[in-house]
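Using this note's numbering, read the sequence shown as starting at 1 and increasing by one per residue.
If you're looking for bench data, these hints aren't it; they were derived computationally from the structure. The C-beta atom is built at its ideal place from N, Cα and C for all residues, glycine as well. Be careful, since some hints might not be right.
Label-pair ranges, simulated between beta-carbon atoms [as the list claims (entries may be wrong)]: (1) T176 / L330: 38 to 44 Å; (2) A49 / D12: 39 to 45 Å; (3) G207 / L330: 22 to 28 Å; (4) T199 / I327: 36 to 42 Å; (5) F251 / P211: 18 to 24 Å; (6) D12 / L270: 37 to 43 Å; (7) L255 / E209: 36 to 42 Å; (8) P48 / P77: 20 to 26 Å; (9) L19 / F187: 25 to 31 Å.
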Amino acid sequence: MDTIATALGEMDNRGTILLLALIGFGVKAGAVPLYFWLPLAHPVAPTPASAVLSGSMIKAGLIGWLHFSPLQADALPGWPTACILLGLVAAFGAVAVGLAQRDLKTILAYSSISQMGVMTLIFGLALGAGAESGTVVAVLALYALNHGLAKGALFLGTALHPKAEGARIGLLAGLTVAALAIAGAPFTGGARTKYAAKTMLDHAPQGWEGPLLTLLAASAFGTALLLGRFLWLSTRPLSQASKPPPSVGAFPWILLLAAVLTLPHWAAGLTAASIPAAPLSAGALAEAAWPILLAALVLATAAIASQRRWLRLHLPKIPPGDLIVPIEHLIRRTALAHWWRLGLIYPERGAINFEARVDRLLALDHSRSATDRAESWLVQWRVAGAGFILILFLLVLFL
């Protein structure tokens, strides 16, 4: 696969190829603006499927980017900046929309979009790192590992329904550990990955290092705020009307939590590249802790305000999928208006006029040309299969 990226770096149209790769794999990665399917899929997917989807499957898009991206110096001028900007939009935009959600799995979906935004930013740094891109890619892989393990633990935790008080406290403690690992709390794998990401900012475009350092800290605050809301909502009892998701066993969840606490540190020592460890000085610990402490203060203030009607905060109602919802409504209204003009829908009832619909289909069938009829015959499986075998036979014959 390395030869693919090397060959692409020498092509004149490498910018177009990378754009298509970013779009194609970006759908899988949940990148901006191709993320709409992610918050729509998670609420309806089984919890184990959501854990695999957000924990590992969306990373497949990231792997595709790396394999199809020439990381040589100056191979793609302008692309590092574009990826960094897209990553920042995802990192902060997903937090803003996620805070307006109430479904636990939808909140986690937007958290994944935000974290994939940070990974898109690091990918942009790798595009501009040149000869040192291997170290940046190692940091990116470690970041993806930490997020995948912790996010899988959070998703599996939403399907645990302990009845005993002690078990519920244990569940909340485990969810908190996984959330802190993603937010980058001191001594977690997230702290090491976020510190390592900050040390890679010297590969950012000129003049961007200082602002990006501040924005990464602000992103950690947003992550802590969003996951803090998730923890807050997870403590609320289910209403009588809501149906809890099917429960999963506690053992896989506990095993995954153990991996969250150990595997990122272990994997960092296995990489050939030197991934710096976060120092244990008071300043470094405070730098990692302040976004989480500030988020906790904001959430505590919001919780107190919610107890007083005159201070109660009303978050805007944003449906899962956010921008795709009005776009879908616009397309539907446009299609309905077109059908009304054709008389295929009763305007006064908004119902389909089946008689007009059938008449139109019959009229289209009679007006079809000979080429249309031939095409419908050729696309039949038995005809297409026989044609394929015939073409293959002719190729073998003439070769």
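Ascending list of hint numbers which this structure does not respect: Checked against the structure, the hints that fail are numbers 3, 5, 8, 9, while the rest are satisfied.
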